[in-house]
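Undergrad: Now for the letters of each chain:
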Amino acid sequence: MSSPDEDEVPAIQTGPKGLINDWRKFKCEDQDTPPSKKELLRQMSNPQSDDIPDRLNRKMSVQEYEMIAEEDEKCLRKNQQQCMKEMHKRLSFGPKFDSVVELDSAEAFLEVIEKAHRLTLVIILIYEDGVKGCEALNSCLDCLATEYTSIKFCHIQTAATGAGERFSDNVLPTILVYKAGKLLGNFLSMTQHLSEEFFATDIEAFLREYGLLLEKEFAACPDEEDGGVEVE
Amino acid sequence: MGEMEELRKEADNLKDQITEARKVVQDTTLQEAVAGTTLVGRVQLKTRKTLRGHLAKIYAMHWGTDTNCSKLCVSASQDGKLIVWDTLTTNKVSAIPLKSSWVMTCAYAPSGNMVACGGLDNMCSIYNLKGKDGNVKVMRELAAHTGYLSCCRFLSDSEIITSSGDCTCVLWDIETGTEKTIFAGHLGDCMSLAVSPDFKMFISGACDFTAKLWDIREASCRQTFSGHESDINAIGFFPNGNAVITGSDDATCKLYDLRADQELITYQDSGIMCGVTSLAPSLSGRLLLAGYDDFNVNIWDMLKAERVGVLAGHDNRVSCIGVSSDGMACCTGSWDSFLKIWN
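So the sequence lines, in the order shown, correspond to chains W and D. Note that full-length UniProt numbering gives residue 231 to position 231 of the first sequence, counting from 1, and the numbers run on in steps of one. Note that full-length UniProt numbering gives residue 299 to position 299 of the second sequence, counting from 1, and the numbers run on in steps of one.
Source of the hints: derived by calculation from the structure; they are not laboratory data. Since the model is a prediction, treat every value here as computed from it, not as a measurement. Some hints here could point you the wrong way.
Stated by the list, open to error - A few chain W positions that, by computed beta-carbon distances, are all more than 10 angstroms from chain D:
no.: 1; residue: K37
no.: 2; residue: C83
no.: 3; residue: M84
What the hints assert, rightly or not - Dumping the calculated DSS-like pairs for lysine-lysine here, alpha-carbon to alpha-carbon at most 30 angstroms:
no.: 4; chain 1: W; residue 1: K78; chain 2: D; residue 2: K180
no.: 5; chain 1: D; residue 1: K200; chain 2: D; residue 2: K180
no.: 6; chain 1: D; residue 1: K23; chain 2: D; residue 2: K132
no.: 7; chain 1: W; residue 1: K78; chain 2: D; residue 2: K137
no.: 8; chain 1: D; residue 1: K49; chain 2: W; residue 2: K89
no.: 9; chain 1: D; residue 1: K99; chain 2: W; residue 2: K78
no.: 10; chain 1: W; residue 1: K115; chain 2: W; residue 2: K182
no.: 11; chain 1: D; residue 1: K137; chain 2: W; residue 2: K37
no.: 12; chain 1: D; residue 1: K99; chain 2: W; residue 2: K25
no.: 13; chain 1: W; residue 1: K85; chain 2: D; residue 2: K92
no.: 14; chain 1: D; residue 1: K23; chain 2: D; residue 2: K9
no.: 15; chain 1: D; residue 1: K130; chain 2: W; residue 2: K115
no.: 16; chain 1: D; residue 1: K71; chain 2: W; residue 2: K182
no.: 17; chain 1: W; residue 1: K85; chain 2: D; residue 2: K137
no.: 18; chain 1: D; residue 1: K132; chain 2: D; residue 2: K180
no.: 19; chain 1: W; residue 1: K85; chain 2: D; residue 2: K46
no.: 20; chain 1: W; residue 1: K85; chain 2: D; residue 2: K49
no.: 21; chain 1: W; residue 1: K38; chain 2: D; residue 2: K99
no.: 22; chain 1: D; residue 1: K49; chain 2: W; residue 2: K78
no.: 23; chain 1: D; residue 1: K46; chain 2: W; residue 2: K89
no.: 24; chain 1: W; residue 1: K182; chain 2: W; residue 2: K89
no.: 25; chain 1: D; residue 1: K46; chain 2: W; residue 2: K182
no.: 26; chain 1: D; residue 1: K49; chain 2: W; residue 2: K182
no.: 27; chain 1: W; residue 1: K27; chain 2: D; residue 2: K99
no.: 28; chain 1: W; residue 1: K182; chain 2: W; residue 2: K132
no.: 29; chain 1: W; residue 1: K132; chain 2: D; residue 2: K92
no.: 30; chain 1: W; residue 1: K96; chain 2: D; residue 2: K46
Where is the CB? At the ideal position from N, CA and C, for every residue including glycine.
Looking at chain W on its own, in the form it has when it is part of the complex:
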């Protein structure tokens, strides 16, 4: 049984086909669906399946359209909450860390970026002692590293990068964000984005604004019948 992070994420998740997949998954998990129909749903989910005659390019079968017509949506709400929880879990699965790692060379830098797990966000601070903002930012990252354990925080002094000329004092501190070997964010002179005095929560908010930190909350569970949305 392969571990969750080894599992291929299901192929089609967005757009109309994503919805059709979600519907099939829902019907398969619904105990009211008869086994023969579940079998059909499984076959339709598999694009390679040859068991369905006259399939051609059609994405939904006649029998499935009939199933929709007879449907009722009682279990749907619970299923939706379950799906969101599972997605959260899948995306937070991966190695855990607890503190900022010091990188001492360009090779170490490259290695961290290339060897990190594909789901792990790598945040690297480039700093130099004595440059304004570096010490404060370092402590902020120490703080965030204990809270965001699935993110790999690192820091490296410009002298160690071997590219000292590129990181002159006026672009320090710099934060680089990588995932799966790709540069997602590049923030030179971080202090220009922050006020004179800043704290870990400010860095947290900044990274969240750029979509680089996971939003921790998700929609509350709708226990009430028609609850939820209020028009203001």
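Chain W is fixed; fit chain D onto it per the hints.
TA: Using the frame of chain W, we list chain D on its own:
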């Protein structure tokens, strides 16, 4: 059997003629034309607003178009609701409960008076936002498609075009609730459609790997674009109306020029292996935001065909995207029920 052979020969002949005609007008390639252009710098967008209120995955969203509505948008969620948002204040202007939770698409009328949606119920439901007593009610239920409703776009308050899993697109008269024109020709489920800036044409992308340009009034297919190696899930017009952008399960986006009747360029990267399911060009057309099946959004420099950014980098949550009509912001919908406004 002789007649079949004849017809087959004729079809091949015509195909050759088309290929020849396309070669003749191809005086240069896009790459050559932009050789002197500098690549757009790295694009990093910030979240400006978060729209909270849905309770499940967002499947679709669409921005309003009118000068009054350029800050409004409508979203459709698996929670069975359509919500109209004021993106400046993040207030919900309307929250519309739907009969079916399986809603694949939603649309905002250019006038701002109506919204529409549809999905596995095979119908396009039209809602009047400006009803007399302030309540939003179903105005029409356009039923005739024999397949799911993948996309719908208003031409005006009286006409709407829909695309369906039954392989056809239909132009409806909203007042009478009847089909005015059926655009048949695709050999696979129609997944997406877009209306030209002058409202005279529309394009459709389908699971037969082709995109078709249709003349609305003449009810005919003007051009067919092939080249994709899998289903076309998303389609859009280039802002000046002279080109078409497609997104496919083959993990690429393509740009086709209407006048040259051929593909100009493909947006692909060996690192991208999942399908494109939504796309939106920036107002100028220099950037293309493409949403992929793994919930990522890549930002492409449309001229240089290189990736210049990733939207919502770490999130892997984006299920749909849209650029506002005034080009000031883009909106993303997520599987975790939130919408975000970025620029």
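Undergrad: Against each hint, give a clear statement of whether it holds in the structure.
TA: Results of checking the hints against the structure:
{"no.": "1", "hint": "K37", "result": "15 angstroms, holds"}
{"no.": "2", "hint": "C83", "result": "7 angstroms, violated"}
{"no.": "3", "hint": "M84", "result": "6 angstroms, violated"}
{"no.": "4", "hint": "W:K78 - D:K180", "result": "41 angstroms, violated"}
{"no.": "5", "hint": "D:K200 - D:K180", "result": "15 angstroms, holds"}
{"no.": "6", "hint": "D:K23 - D:K132", "result": "58 angstroms, violated"}
{"no.": "7", "hint": "W:K78 - D:K137", "result": "27 angstroms, holds"}
{"no.": "8", "hint": "D:K49 - W:K89", "result": "25 angstroms, holds"}
{"no.": "9", "hint": "D:K99 - W:K78", "result": "18 angstroms, holds"}
{"no.": "10", "hint": "W:K115 - W:K182", "result": "12 angstroms, holds"}
{"no.": "11", "hint": "D:K137 - W:K37", "result": "35 angstroms, violated"}
{"no.": "12", "hint": "D:K99 - W:K25", "result": "20 angstroms, holds"}
{"no.": "13", "hint": "W:K85 - D:K92", "result": "25 angstroms, holds"}
{"no.": "14", "hint": "D:K23 - D:K9", "result": "21 angstroms, holds"}
{"no.": "15", "hint": "D:K130 - W:K115", "result": "56 angstroms, violated"}
{"no.": "16", "hint": "D:K71 - W:K182", "result": "33 angstroms, violated"}
{"no.": "17", "hint": "W:K85 - D:K137", "result": "33 angstroms, violated"}
{"no.": "18", "hint": "D:K132 - D:K180", "result": "28 angstroms, holds"}
{"no.": "19", "hint": "W:K85 - D:K46", "result": "26 angstroms, holds"}
{"no.": "20", "hint": "W:K85 - D:K49", "result": "24 angstroms, holds"}
{"no.": "21", "hint": "W:K38 - D:K99", "result": "24 angstroms, holds"}
{"no.": "22", "hint": "D:K49 - W:K78", "result": "28 angstroms, holds"}
{"no.": "23", "hint": "D:K46 - W:K89", "result": "25 angstroms, holds"}
{"no.": "24", "hint": "W:K182 - W:K89", "result": "23 angstroms, holds"}
{"no.": "25", "hint": "D:K46 - W:K182", "result": "19 angstroms, holds"}
{"no.": "26", "hint": "D:K49 - W:K182", "result": "26 angstroms, holds"}
{"no.": "27", "hint": "W:K27 - D:K99", "result": "18 angstroms, holds"}
{"no.": "28", "hint": "W:K182 - W:K132", "result": "28 angstroms, holds"}
{"no.": "29", "hint": "W:K132 - D:K92", "result": "44 angstroms, violated"}
{"no.": "30", "hint": "W:K96 - D:K46", "result": "27 angstroms, holds"}
Checked against the numbered hints given earlier, this structure breaks hints 2, 3, 4, 6, 11, 15, 16, 17, 29; the rest are met.
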